[in-house]
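**Student:** Start from the sequences and build out the full structure, keeping to the hints where you can.
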Amino acid sequence: MERSSANLWRKINSRYNLVGCKCQNCGTLYFPSRVVCRKCGRDSKITEAKFSGNGVISSYTNIRVPPDSFKDEAPYTIAIVKLDEGPSVEGHVVESGGEVKIGSRVRAVFRKMYVEGDEGLIYYHYKFELV
Amino acid sequence: MLYGIVGYGVYFPVYRIKVEEIASVWHEDAGSIKKGLNITEKTVPAIDEDAATIAVEAARRAVSHAGIDAGEIGAVYCGSESHPYAVKPTSTVVATAIGAGNNVMAADLEFACKAGTAGMQIAMGLAKSGMIRYGLAVGSDTSQGRPGDALEYTASAGGGAYVIGGGKDEVIAEITHTLSFTSDTPDFWRREGASFPSHGGRFTGEPGYFKHIIGATKRLFEVTGMEASDFDYAVFHQPNGKFPINVAARLGFDMKKIENGLVTPMIGNTYSGSSMIGLAATLDIAKPGEKILVTSFGSGAGSDSFAIEVTENIEKNRGRSVKVRDLIEKRKIYVNYSTYLKNRSSIRKK
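Taken in order, these protein sequences are the chains called A and B.
Sequence positions in the first sequence follow my numbering and run 1 to 131.
Sequence positions in the second sequence follow my numbering and run 1 to 350.
Everything labelled a hint here was simulated from the structure, so no lab data went into it.
Be a bit skeptical, because a hint or two may be false.
[What the hints assert, rightly or not] Here are the computed lysine to aspartate or glutamate pairs in the EDC-like style, where the Cα-Cα straight-line distance is at most 16 Å: (1) B:Lys332 / A:Glu99; (2) A:Lys50 / B:Asp69; (3) B:Lys349 / A:Asp72.
[What the hints assert, rightly or not] Which stretches of chain A does chain B cover? Using the computed rule of at least three CB atoms under 8 Å from a CB of chain B, they are: (4) 5-18; (5) 22-34; (6) 52-59.
Predicted model only: the values in this text are computed from it and were never measured.
Note that beta-carbon positions come from the ideal geometry of N, C-alpha and C, so glycine has one too.
**Tutor:** Encoded structure:
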């Protein structure tokens, strides 16, 4: 986990609002954002693209032995979500209650991801909830 | 030109704790507490929720309900007594998370349980003056109750958000008048750095809650020439399930006029969100032409009173709203007392 105001600040748009990018040359959507389109190379025309946050779980795992940063949240579910617009993203599934299945529909929600002790920054981030 | 509510949204966590569970820890009689406070259970924030995440979820629903471009919102005011940071605004997080852009006035408000309705008044003033097209007012809290204190049975988590603006085709509920009643009253407080609030016990009742709600509402009656019988519904701040019923009776409103907006018995006191969620539950079922009285209360102390008239536009947006009653019943996960303490960050590991 980063411990830098600048690093947090740079990623706010993608973390709060799932803002990735689109290559206007070929129409391919990416999340997270890229500087160059994988298909178009030097002909890339990259612009910002906001994703709806709606999608389907294509894979998941239940974490019971978490890294220290997420110790208080265990057990929890991490999933690969195929967004309706195409790209796949990884994210926590909140209040999953063991009901996550491959194919479950989800929507993005706004939650805390990480808190730097009692005096540091709070990292807000998208997570997913079952619809 | 009409000015008032263009859209609204609410949010509260799925976690709940029952009065019985809290009472069992302190060897108190759950039956008499449930009867005395008229409350059965309350919401509990998830470990990754705070007043900012709740504000964002409520605000996103409000913007979606209004059906507007968030870029047209010119002001964001977030009221809470549990802002995650002492210094760093919740309102900037909310403005960014709804996509309001940078050209926005923003500030955090704190006035115990009425900071959200104070935001509605500010947004209303700015919209009416023409300084902004739309303003967003949010009230959200993960309120604190000291373990073992009576407040622990009611202090819960939730929020309400309102898009305020003008336009005869957009306003779903016109705010025909609003005013406040304010005094310096030491009924409830939390000092800088303190984890839990303190209160004056029974002193919070007559000199606090009742004096200010009755003062604001009676003044609204005087200024507008309206009386209780002119309103179809009334919503009062709900610190427990009993006070709003009592104050409604003293002001001449029967139970039928307040029951739709009375949500504290099922979700607890969401503090800054309380009267805003009560209003949302009322708007969920109100019909064009019906009139709603809302009077909030914040300790310290003050009340904001609103005379609201529902317009024809409310029917156009119905399909886009997430109804309060559906949210209350949709999904609940009951937690025990130790999980409640953990989620509230009340268990210190070092």
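**Student:** Each hint should be assessed against the structure and marked as holding or not.
**Tutor:** Hints and how they fare:
Only pairs whose Cα atoms come within 16 Å are accepted, and Lys332 of chain B paired with Glu99 of chain A is accepted, the gap being roughly 14 Å. Straight-line distance between C-alpha atoms of Lys50 of chain A and Asp69 of chain B comes to about 14 Å, which keeps the hinted pair within the 16 Å bound. With a C-alpha separation of about 11 Å, the suggested pairing of Lys349 of chain B with Asp72 of chain A holds against the 16 Å cut-off. By the rule of at least three residues with a Cβ nearer than 8 Å to a Cβ of chain B, the coverage given for the stretch 5-18 of chain A holds, with 4 such residues.
Counting residues of the stretch 22-34 of chain A whose CB lies closer than 8 Å to any CB of chain B gives 0, which falls below the minimum of 3, so the coverage claim is violated. Note: the stretch 52-59 of chain A has 0 residues with beta-carbon separation from chain B under 8 Å; the three-residue rule is not met and the coverage is violated.
Hint violations for this structure: numbers 5, 6, all remaining hints satisfied.
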